[in-house]
Every structure is written in structure tokens, then in C-alpha cells.
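6 protein chains.
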Amino acid sequence: MTDKKTVLVISAHAADFVWRCGGAIALHQKLGYEVTVACLSFGERGESAKLWKEGKTLDEVKSIRRKEAENAAKALNVHDIQCFDLGDYPLVVDLDAKMRLVDLVRAVQPNFMLSHSKYDPYNTDHMYTSALALDVRMIAQAWGHNPGEKVLGAPQLYLFEPHQTEQMGWKPDVFLDITEVWDQKRAAIECMEGQHHLWDYYTNVAENRANQFRRNSGGQSGGRAAKYAEGFQSVFPRTVDEL
Amino acid sequence: MTDKKTVLVISAHAADFVWRCGGAIALHQKLGYEVTVACLSFGERGESAKLWKEGKTLDEVKSIRRKEAENAAKALNVHDIQCFDLGDYPLVVDLDAKMRLVDLVRAVQPNFMLSHSKYDPYNTDHMYTSALALDVRMIAQAWGHNPGEKVLGAPQLYLFEPHQTEQMGWKPDVFLDITEVWDQKRAAIECMEGQHHLWDYYTNVAENRANQFRRNSGGQSGGRAAKYAEGFQSVFPRTVDEL
Amino acid sequence: MTDKKTVLVISAHAADFVWRCGGAIALHQKLGYEVTVACLSFGERGESAKLWKEGKTLDEVKSIRRKEAENAAKALNVHDIQCFDLGDYPLVVDLDAKMRLVDLVRAVQPNFMLSHSKYDPYNTDHMYTSALALDVRMIAQAWGHNPGEKVLGAPQLYLFEPHQTEQMGWKPDVFLDITEVWDQKRAAIECMEGQHHLWDYYTNVAENRANQFRRNSGGQSGGRAAKYAEGFQSVFPRTVDEL
Amino acid sequence: MTDKKTVLVISAHAADFVWRCGGAIALHQKLGYEVTVACLSFGERGESAKLWKEGKTLDEVKSIRRKEAENAAKALNVHDIQCFDLGDYPLVVDLDAKMRLVDLVRAVQPNFMLSHSKYDPYNTDHMYTSALALDVRMIAQAWGHNPGEKVLGAPQLYLFEPHQTEQMGWKPDVFLDITEVWDQKRAAIECMEGQHHLWDYYTNVAENRANQFRRNSGGQSGGRAAKYAEGFQSVFPRTVDEL
Amino acid sequence: MTDKKTVLVISAHAADFVWRCGGAIALHQKLGYEVTVACLSFGERGESAKLWKEGKTLDEVKSIRRKEAENAAKALNVHDIQCFDLGDYPLVVDLDAKMRLVDLVRAVQPNFMLSHSKYDPYNTDHMYTSALALDVRMIAQAWGHNPGEKVLGAPQLYLFEPHQTEQMGWKPDVFLDITEVWDQKRAAIECMEGQHHLWDYYTNVAENRANQFRRNSGGQSGGRAAKYAEGFQSVFPRTVDEL
Amino acid sequence: MTDKKTVLVISAHAADFVWRCGGAIALHQKLGYEVTVACLSFGERGESAKLWKEGKTLDEVKSIRRKEAENAAKALNVHDIQCFDLGDYPLVVDLDAKMRLVDLVRAVQPNFMLSHSKYDPYNTDHMYTSALALDVRMIAQAWGHNPGEKVLGAPQLYLFEPHQTEQMGWKPDVFLDITEVWDQKRAAIECMEGQHHLWDYYTNVAENRANQFRRNSGGQSGGRAAKYAEGFQSVFPRTVDEL
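Chains as they are written, first to last, in numbering that gives the first Met the number 0: chain W, 0 to 242; chain L, 0 to 242; chain G, 0 to 242; chain E, 0 to 242; chain C, 0 to 242; chain P, 0 to 242.
No lab work stands behind these hints: they were computed from the structure. Please note: incorrect hints may appear among the correct ones.
Any copy, or any two copies together, can satisfy a pair, since identical chains are not distinguished.
[As the list claims (entries may be wrong)] Cut-off 25 Å, straight-line C-alpha distance, at most; resulting in silico cross-link-like pairs (PhoX-like, lysine-lysine):
| id | residue 1 | residue 2 |
| --- | --- | --- |
| 1 | 49 | 226 |
| 2 | 117 | 97 |
| 3 | 170 | 117 |
| 4 | 49 | 66 |
| 5 | 52 | 226 |
| 6 | 52 | 73 |
| 7 | 149 | 55 |
| 8 | 73 | 226 |
Let's have the full structure, built from the sequences with the hints guiding it.
This is the structure we're talking about:
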């Protein structure tokens, strides 16, 4: 087990961790954290339209998407990426897969976790993954689960930004300045060759979240000049010594 | 204007700042902040039943309640307490009073503000005060309001704990460890001689919020041993460099 | 002051108390309560289209609407009806009018109160009246308001059924069987000669709420055979000795 | 089948029924109800940290926790306690187990049911149990489920108090005075030897809920002097003959 | 595959499509759409009390309910009705059944879909069906699901009216005038011989929704004289060229 | 009175109508509507930081902002712009000003209205304007308000996009394709010389709403290739003849 601080990202499909928290990943690696990404599927069926239009087979699609995810992970300097290969649309997580994910949580001992929004009528894989994140966090906290292993504390679960935030009832309560790692995030985004239509979308998102960062850090009277930012919604309350 | 960090508490009635954020006040004074408390009324009509039962006059009640509030402020080491004397039940805030409060916000330039929950069907003075806090924050941010004065940045507004939290739709997202200043908070509480029935109530609250602090900081696997805590709900998102 | 149990209805316009809680009024009168209705306006401008189309003057409209309200009150066996004549569309309640209403609350000392839904984008008179009901309840509870008068306890505030319930976010948590007073309610409804289009509407409502009464009292396995019912949303929690 | 009124409690883990509705249980037994408690698991993995730290085996933990639950049930004078032993963290309820629970609902024919809050991000066992309670209630109401058995009516489902109420979106709408059975509840609480940190927590809760009972039953103007209370959230509307 | 516009209704039990969207079905058939109804179960256990009281067997009940559903479908001029016969109370949808439903969605290629409200504490079959509708919509949109088949676009999912709308948190955002097909809907309703208690209920609903149609289309100043209407809640935003 | 269809925009500050619905304005003008914009203030105090930093006087600021608004209106081909000059930060709308706005609603007889989001903790001028829009709509619908005037029907009220949508609880339910008028909107945006920091922000918004337009109109399977779009939240249900 590492002495470093750690982060665990639980991503339903191969590319989710890139669009939604690529900046947070790169930044925390830079800050000395070790970030592990769990990709539950490759998004092979539901998020690879371009490849299917080209007539690729399932194995080819999965292989290409895996490669893209690994390249993106590299661009973000991810410490470890774990592909669970559970299938997508629908993502089916049986008890066995759930317990493998608990094992990973126990192994990583994350200081905080990142996953999907609580609700997503467009993409139920996302919302079931968010529920799953709560399940595995709870199991990893149980002293009677694999007694002898280090028990999980109470890491925050941050819900990263979904597509069409308002439709998901997602409300960010924290903005993270990712200006200094933006080039890495953009590079990771560009690894997703089949989803060109989202490159500029998430660049616009990053710019606009930076506007909101500036506004919430003081606006024209002291706000900080962030150029790119990401937003997150916390599930649990924080515990502090100073407000 | 001070070089110190500052806090502004907007309290509808004389005692609200004691029950609801007395710990935060004492703690931040200890941390070097200067905390200013604005009491919009003395709670003379609505929160002084004991005195009225004793047959006191309005002036007597106000004078006694002012004294209690000042004593409590002293116990908490409050930097400055400002009594607006606007009357209560109902609290009536006209445009003039609102502007006096804006002047105070401008003068204090708070790093963060504290006020009431957004909704309170038991006590509409509370919820109108919460709305007022947003109004004055906005006006103080306007470059065209008293041009030349220092314009307000974007201080967080924390909503402190109401009585019967669930009925108010209040949900804390941050717990503050007030163990080291608990004695001061209890002393301030005991200045409120007419509201004996609330002394133990808010002591119980502080103990139970500490339990929740322990749970959210790691529980049995690394949680911190807070004995007393306070909870707050943030209105605005935070801006950070690390999650 | 009466020894009987009492009820206070706060109705924005002349007819609201009929459609929305006429059954509750007649039933509680029958049960020995004394029910007082406060009509803040006659609904003269906004709910008297038929009379305006006929070319009536404002005074005529008010006089006719007052008569209708009084007739309806009689049909329901209302103990007392108080017309505040504050004007409608918009209903303007200044501090003076608010205090007159507090006086009435103090005089009636209601065991429970009835008023409008919390939200109503179609009819803001309604939602401001609901907020007003909370204000006056609070003031009437203050020991320092007109010291010497009997202080109000903690009567429940029931929000009666608005038109288009779902748009108002109104959710009933109690259904009242009004079968035995239905004829009175229908008679009161028929006093509202200018609003014929609502007679059958609220008859349908009463029938369907009875269906829901049957369902919630046991359905096909023990449900009670109510034929007409009304629904209400409670603002405050109940206090009981048995669940 | 009994002629007495009955209650069914559905408790995810062994101790939940004690902290969350021990008072309601003891009180209703005293009132002549027969209360049955269904414990879906012993909380062996997730809520027995102390025993695991002592090096106990799974069987030992379960046996000790079962004993504690039975002792607590005795202290509360529970009519019947049924341990389903389905495992916890995660609690897995397959169709077979669900049908066993339906059988119990049919056998008990509860006048009302008690279970967990609808949402619980800390403890998903709890929220799945709440969903399960709705499932089994529905199935037990079906005339075609085991035709010939007595069909369930429409018992209220009360959601008892979770830990950290605000985080669960739980809002009590009824407070029950448990003063006269408090000694029994405290005795039952003290049967839970491994969870000492919660004894005072739930004692504080009971005291503060009593304060809210007093407030909502009239406050300083007629409120009843409850010393201990419990709060509950109703899922379904009530059906009444008087408001 | 048809050139016509198409609709897919996903109905948990045999009769749901009649009460809740029978008017929409008949109207869109008249407008030239082809409407397919998927009945996941016959409502044999949970919604056939009358037949069970008469001593019918399961097979008899299913056969009678199927007949009623087919008759109702005929009355509404339904293009196609597909009975999945998955059982009810509880409705159990395994992966295989889900995929059969996806096949149907792919075959129908609906311009819009209709299903149940998101939440239903009385009838969890309903709410699981609503979640299922989102699942199958998502899967049918995946280019990698049965590559070569026509991929689904982005049909609106309308949630039709549940019983006790307010308890379900259901809020209609569109009213459809069904006056010209009302006779067909009433005829279909009367096919449901075992649920007589709902005939007038849903007739009242249709009349009152028409009142709301009139109100929202202009009221006394230009509103359209609809006599019967149905309400629906949209899950997804609309895309338009004119507001 | 015009025979054309009409629109009324109620904008708290001078520039709001540009950022938030400039596309809708230009597009509906092109479609033959006459669009009237009511600017309640010039945003002189709160949204003109740049001018104040340059040392302009209040009159100068107002004059410059008026000019900008008029230029923007020209770029959008606005039919009529009405400046109410009520002051901002805070915007104070007395009964007289409210009635002047009612007069305008009556004169315009809008087919639909556009205004601010229901909630805005950053800018309470916005949320009070939204409440005001409901008030004036209601008054304009009253047959007894200025009898003889044409009474308002039931125009939809669309809430246009606020800054930081998620913090406002704003959820768009309709996306409008503004591609063909984008150049006009951008030109209008560039009239706002003091708010350069928002030019790209709202360009990004328009691009991303277009992405959502494409997704909701069919995505990769039939979605329409909008390049710029705006989102709106409807307050009232629609009434239709076809879903």
C-alpha cells in the first residue's frame, strides 16, 4: 500500500473519466496523489457509433476503445487504470463484479472518490454506477468484510459533471481550477477519436466553469483568473476546522 | 479597515447567533478573525415569553435582552455587535434599514457571512432575514453602489442551524469542530436566562453534530474525536485548488 | 371567548373557502366547532368575469360577490364570516391589515387553520395569502404582542386544495370524509352563480378524493365507503400518543 | 390470527429497530398492540466493528448480535422477533426472501408498518429495505397472491428516524410521546454493547424530539410536557373524520 | 417497417394503457399513427380482485384479463398489442425480457413513447416499469446493440397519469384534447369489467383535465372548449423552431 | 393593436434580454412576431463595473447602458423597447410601477412571455422580476382590471437561461434552434461593451445548447444539425392536439 494520498474514479464507460474529471485526475497526480481509474465497460456498444458505422466487430470496438482509454489515461498521467469489461447498454453488475470493485476500493484506500450523477434518464448505466459507488463504499467500510484488511474510512464521493446537467438534477458545489493541467486534459480528450462532437463541447464546459470559478472566488472584486475549471457535487458533508 | 479576516453574522433576534453559530464565532475569533454580529431585533416580542409573564414593559424587555445579547457576545469574544432594533414578530426591514445593513457589509468586508435557513414556517422573521442577507450581499457587490467604497467580493453565505432542521429543508454540508471553544459557547448560552428550555437542546445538538463529524471524518477507521460541533449549509459553490 | 373548539379559514377571495374546504367547514360545525372565515377580498376583479361582461360596476360586483359569499357561508353553517375588503388582483396586505388579521387569530384562538397552497404561479394572491397565514400565526404566538391577550398555541395549518394541484406542488397528506355534509357543500357551491364552470369541477374533485379515501383506508380489503372527500396538506408535524 | 391490533417493523440490521423506533414498539405493546419485528440481518459485517476488532468469527458475531437483538426485543416487550439472516453489507434480498417477508406481512396483518428512510447514501442496505417494504406491502395487497389468505388492507408505512436525518431527506410529520416507556427504550439501547457511541446519541435525539413535541403541541401556550419522543415520516395520506 | 409515424406504450398491467392514455392512443391512430401497446403483465394477481373473489383460477384470470385488454385495444383501434406475460405483484423483468422489449422498441421505432410515473409507493410495478422504459430506450439507441438494425433516435417519453398524482410527484406539462375520441376511450374503459370503481374516476379525471386544458389555452379569454383531456409529463426537453 | 403575433420580454437589467433570449427575439421577429422588451432598469449600479471604474457618473452610466441596450435591440430587430428606469441593486418595484407593466402586458397581448429564473441567490433582482412577471400576468387576466380593455389570455411564461443554471434550480424543457439568427445575437452581444467577459461565455452556451438540441432531436440517428441554440423552462403546461 502506498504512503501517498490516493483517488479512485469509477467510470461507467471508457471515456467518462476523461470528459468529466480529466482535469481533476491530472491535477491530483501533479499534487502527488495516485489516481486509479476503474472503467466498468469500454462503452463499446453505446458510445462507439463511429466504429460501428465503419463495420467493426465487437472485439475490434472493445480493443480500439480500450486503447483510447489507455492513451487518455497516459495523457492524464493516471497511476492505474482497471478495465472491468462488464459490458454496456446495459451495464450489468452482478454481486461478483461488485465485490471485485470492493476489493479495489480496499486496495486503493482512496482519500476521495469520483463517479456519476445520481440521476440520468438518458443513460441509466451512469446512474446505476453512481448507486454502485455508494454500495461499494459502504461494503468497504464494514469491519466484517474480509476481516484483517484495512477498513475504508469515509472518503468524499464527488459526482462529476454529466452531459446536460440540469436534466440530471446535478448541482455543483465545488469548482476546481484545472488551468495548469488543461493541456493534458485536452490531449486526453483528443484520444477519443470516435467522439469528435464532444471535444469542443467539453472545452466550452471547462471555459464556462472557469468563468463561474472567477465569479465565486470574488468576481470583479478579487476573483481568481482561472481559465479552465471543473465542477463537482459532493454527496457527503465536509468536516473542517475553519469555515 | 482591518487587515484581519472578518466574518459577518446576520441574526434576526438577539439570541440566534448564540444557539446557531456561537461556536463558529468563538473559534474564528480564536483563529484571528474579527467577527461582527448584526442583531436585527432583540427578539423582544416573540422570544422573551418569560419576561412578559413577569409583567415587564417593552422597554424593559428590550433592555434585558440587549444586555443578554451583549453578555453572550462577550463570552464569545465577538469583535463588534450592532443592534438594529427593527422590531420583531414581525421583523420589518424597510429600504432604509436594508441600506444600513449594506453599509455594514461594506464596512466589514466579510470573508464569509452567516445567517438563517432559507425556509422557516414557524418563524418567518428567520426566512425573511435569510432573503435579506442575499439582497445586501448583492447590493454590496455593485460597483455603482456608493462608488468609491471598496466593493464586496463573493463571500460564502453559510446558513446556520435552525430549530427543527427537517421542517426547514435545511441540510448541512459542512461540520465545524468547536470542541476547543465549547466552554465559551455554553457560557454564552447561559446568558440567555429566559430561554432555559433551549440550553440542553443546543448542547444535545452540539454533541450529536460531533458524532456526525466523527462519522464523516472517517468513523471507526480514522474519524477525528470531536466532542462538539456545529453544522452549516453553504449557499454558494466553493472554489478550490485541490479536492 | 367560546368554550368550543374553533377553526379559522383564511381565504384570499370570496369563493375560495367554498371550493376548497366547504366540506371541512360544514363538518366541523356539525362536530361542534365554531368556524370563522376571513375573506381577504371579494375576488371582485379577478374572479367575477361574468359580472364584468354584464357591465356591472366595481361596487355592484363587490356587493354581489359579498352576498354570494354570505349565502355560501350560511349554507355551510359558518359561525362567522369577516370580509377584509383588501382588494384583489393584486391582493395588497399592508402592515395594518396584517395586524387586523392577527387580532382575529387571537380572538378566535383556532384549534387549526386553513389556507392556500404554498405556491401558485396562476394566482399569486393565493400564495401570498399562504405566506401571510404563517406570518400572522407567528405574531399571534408572541407573548409580547399585545401583552395580556391570550397567546396562540400551535394550531396546525392545513393547506386546502388548489386548482391544478400538481402545478402548485401541493400534496395532500390527509383526506377528510365529507359525505354527510356533501349536500351542504354542493348548496354552497351553487351560491357562486358566476362560476358555473367550477361546479362540476369541484364535484368531480370530491368524488375522486373519496375514491382515494377508500383506497387509503383499506381499498378492497376494509376501505371505508366514503362518497365525497376533501384533501389537505399539513404544514406542521402532528403530536400523538399512538401511531 | 390475533384479535389485537398489530404492528410490523422491518429492520435492515439487528439494532435498527431499537434506536429508531424502540419507543414506538414499547408504547404500542403497552397500548395492547402485538408488535412483530423482522430483522433482515444481524448487522454482522457492517455494524459490529467492536466484535471484529476483538477477533470474533462470523458465526460468533452473528450469535452475539442475535442475542443482543433478542435481549433488546425483550426489554421492549416485543411480541415476536423474526431473524431472516439474509446477510448485510450488502443485504441481498432475492425473490424467495421477499416472498417470505410477504408471508409474514400476511400473517401479521399490521395496522401499520415501520421501516427505513427512502434515501441513505451512507447505508444502502437501509434504503433498499425501505423500497422492499413498499414491494411486500403491494404484494400482500394482491387478491391473486396466495388466494384464500386474508388480503392486506392499506396500513400506513412510517419511516423511522435515520442517522443524520438531513442527509437522507427524511422529514418527520408526526412526533410520538414515548416518555412513559423511555426506561424500556434506554434498557434496550444498553443491550447493544458494541455500539456504545450511539447510546447517548439516541438519548439526545429522544430529548430533542420531545422539545419539538412540546413546541408543536402548543409551546409555551399549552404544549404538553413530553420528556422523550420519536419522530416518523408517513408515506401515505391519512384518512380521517375530523381534522 | 411502416412509413407511418408510430407510438409505443409500455403498460405494466393489462388495463393501465386504457385509464392513463386511452385517449392519446385513439387520437393518434386517428391522426395516422400506428400505436403499439406492450402489456408486461395481465394485472392478474394485483388488479383483478373481483375475479379472485369469484373463485377463478390463475389461468382463468389471465385469460379473462387478456380478453378485456384485447377488447379495449380494439375499442381504441390499437395497431398492435403485445402481451409479455411476465407476471405481476411483483412484476419481474429479467435481462431476457428486457431484451425482448428492446427488440420491440427497435421494430416499432416510435416517434414517442408512453409509460408510468417515475415514483409510485402504492404500486412498485409501475415505477419499475418507468425505469425499464428508460433502460430499453437507451439500449435501443446503442449502435453496437444488434448492429445492422435501425438505431433508435430520441423519442420523447411521456409519463401518463397515475392514480393519486400528487403522491407520485407526477406533474403534467402537456394536456391533450381527446374530446373527439372520448367515446372510444369510455368504451375501452367499459371493457374493464372487474374495475367498475374506476370507470367514473377516470371520467372525472378526463373532464377535469379538460377544464385545465381550457384554462391553459386561454381561459375565459380565448380558451378552447375541450370537454375531455389527458395530461402527460415529459421526461426530455423538446426541440423546436418556434416557441 | 397589431394583428401580428407578439412576444413580451421582461428583463431586470439592460443586458439580460441579450444574453438570455437574444436568439429567440431575433428569430420570432423573423417569423413575423412583434417582440417588445421591457427593461426594468439599466443595470446601472450592478452590471456596469467597467464604467464605474472609469469614473463615470450615475447619469452617464445610465445613458451609456441605455444606448447599448437600444443598439442591441436594433441588432435583434426588436419591435419596441421600453425602459422603466426603476433602479437596480436593488430593483424596487412599487405598486405604481407594477401597474405600468400591467398596462404594457395589456397593450402587447403577448402570445408568450419571457423572463428570469424563479430562484437566483446571486442576483435577487432577477428572482423578484420572475415573481413580478407572474403578478402582472395575473392582473392582466382579471376582467375587473380596467374593464373594457382586452383581457389577457393565458400566454406561456418561459424562463430564460440564468448564469450558473444549476445554482438557480433552472431546468430547460425546450431548446430553440437559433442558428439562422446567430449573427444577430452575436452582434447584439457585442453591443455590451462593458461586459466583455460574458461574450464568449454566452457563445459557448449557445454552442453547447445546440449540441443538446442535436441530442434531443435524435442524436446520431436523425438529430438535426443545429449550431446555436437557446434553452427555456416553461412555467405552465402546454395544450396540444397531438403529442
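Status of the hints after comparison with the structure:
1. 49 / 226: Between copies, since 20 Å is at most 25 Å while 31 Å is not.
2. 117 / 97: For residue 117 and residue 97, both the intra-copy (18 Å) and inter-copy (22 Å) Cα distances are at most 25 Å.
3. 170 / 117: Both, since 11 Å and 16 Å are each at most 25 Å.
4. 49 / 66: Within one copy only: 15 Å inside, 46 Å across.
5. 52 / 226: between (36 Å within a copy, 23 Å between copies)
6. 52 / 73: For residue 52 and residue 73, the Cα distance exceeds 25 Å both inside one copy (27 Å) and across copies (40 Å).
7. 149 / 55: between (44 Å within a copy, 16 Å between copies)
8. 73 / 226: Classified as within: same-chain Cα gap 23 Å, cross-chain 32 Å, threshold 25 Å.
Hint 6 from the earlier list is the only one contradicted by this structure; the remaining hints agree with it.
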